[in-house]
Amino acid sequence: SAVISQKPSRDICQRGTSLTIQCQVDSQVTMMFWYRQQPGQSLTLIATANQGSEATYESGFVIDKFPISRPNLTFSTLTVSNMSPEDSSIYLCSAGLAGSTDTQYFGPGTRLTVL
Amino acid sequence: SQQGEEDPQALSIQEGENATMNCSYKTSINNLQWYRQNSGRGLVHLILIRSNEREKHSGRLRVTLDTSKKSSSLLITASRAADTASYFCATSGAGSYQLTFGKGTKLSVIP
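Those protein sequences? They're chains A and B, same order as listed.
Following my numbering, the residues of the first sequence are numbered contiguously, the last one being 1257.
Following my numbering, the residues of the second sequence are numbered contiguously, the last one being 1293.
What the hints contain is simulated information worked out from the structure, not anything from laboratory work.
Check before you lean on any hint, since a few could be wrong.
[To be verified] Away from chain A, derived, C-beta distances all over 10 angstroms, residues of chain B:
no.	residue
1	1195
2	1199
3	1215
4	1222
5	1227
6	1281
[Stated by the list, open to error] The list that follows gives simulated cross-link-like pairs (lysine-lysine, BS3-like), each with its CA atoms no further than 30 angstroms apart:
no.	chain 1	residue 1	chain 2	residue 2
7	B	1285	B	1251
8	B	1251	A	1207
9	B	1238	B	1285
10	B	1288	B	1238
11	A	1149	B	1285
12	B	1208	B	1238
13	B	1288	A	1149
14	B	1251	B	1208
15	B	1288	B	1208
Glycine included, each C-beta is placed from N, C-alpha and C at the ideal position.
Required output: the full structure, derived from the provided sequences and hints.
Following this line, the structure appears as C-alpha cells:
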C-alpha cells in the first residue's frame, strides 16, 4: 500500500485568491490523480498529473483554473486559482503504485472553504 | 460515462446486523473497487474485484460482481459503530486507470 499526505488539511480563503495543495506519496508510484468532492457529493476527477509534462484534464476542468505540477514520481501540487465560493470542496489526490496501478490510494483530502 | 449508482443512498442499521449496499454501472469495466469515507475525510480502499471475478471476501466484507447486470454489492457482516461512513463504488475501464465514482451510500450503525 501507499501512504499519501496532503497539505494543508483545510483552509479558508478569500474570493479571488489562489491556494496550492501539496500531495506527497511515500512510495514509487506511476499514476497520480486529483479529484474534487463538492459538499454532499461524490468524487469527480479533475486531472491526471503526469511527471515532467502537462497534466491531462477532464472535461469541464482547465489548466488556467487548476494548474497542476508533478516534478517527480512522488510529489504533485494542485493550485485552485482565482477562487470563488463555488470552489468550496474537498480536494483529494490519489496514486497508483508502480506495478499495480489498479488500486488507487487516497490522501486525507484538503477541505477548502471560499468566502 | 460509466458512473456508478449506489443504492440505497442512506442506510441505518443496528450494531451486529448486516449491511448491504448495491452499485450499478453503465459500460464495460476492467475492475470495480469499493471505498469508505469517514465524515469528509480521505478515502480508504476496501476491496477490488476484477471483471472476471464473481465474488471476493476480505474480513467482514463480501463483494459480488455481476457483469451481465452491470452491478455489484458490498456486504458488511456483523456491523460495528465504527463502520459508520459513506461507501463508494468506483469503476475503471479496460486500458484506463481513471476511476469513475458512484454517488455513495451513507451507512449509519447505531450502537
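Each hint tested on the structure:
1. 1195: holds, 21 angstroms
2. 1199: holds, 25 angstroms
3. 1215: violated, 7 angstroms
4. 1222: violated, 6 angstroms
5. 1227: Its Cβ does come within 10 angstroms of chain A, the nearest being 6 angstroms, so this is violated.
6. 1281: violated, 6 angstroms
7. B:1285 / B:1251: holds, 19 angstroms
8. B:1251 / A:1207: violated, 39 angstroms
9. B:1238 / B:1285: holds, 22 angstroms
10. B:1288 / B:1238: holds, 22 angstroms
11. A:1149 / B:1285: holds, 26 angstroms
12. B:1208 / B:1238: holds, 21 angstroms
13. B:1288 / A:1149: holds, 27 angstroms
14. B:1251 / B:1208: holds, 9 angstroms
15. B:1288 / B:1208: The hint holds at about 22 angstroms.
Comparing the model with each earlier hint shows violations of hints 3, 4, 5, 6, 8; every other hint is respected.
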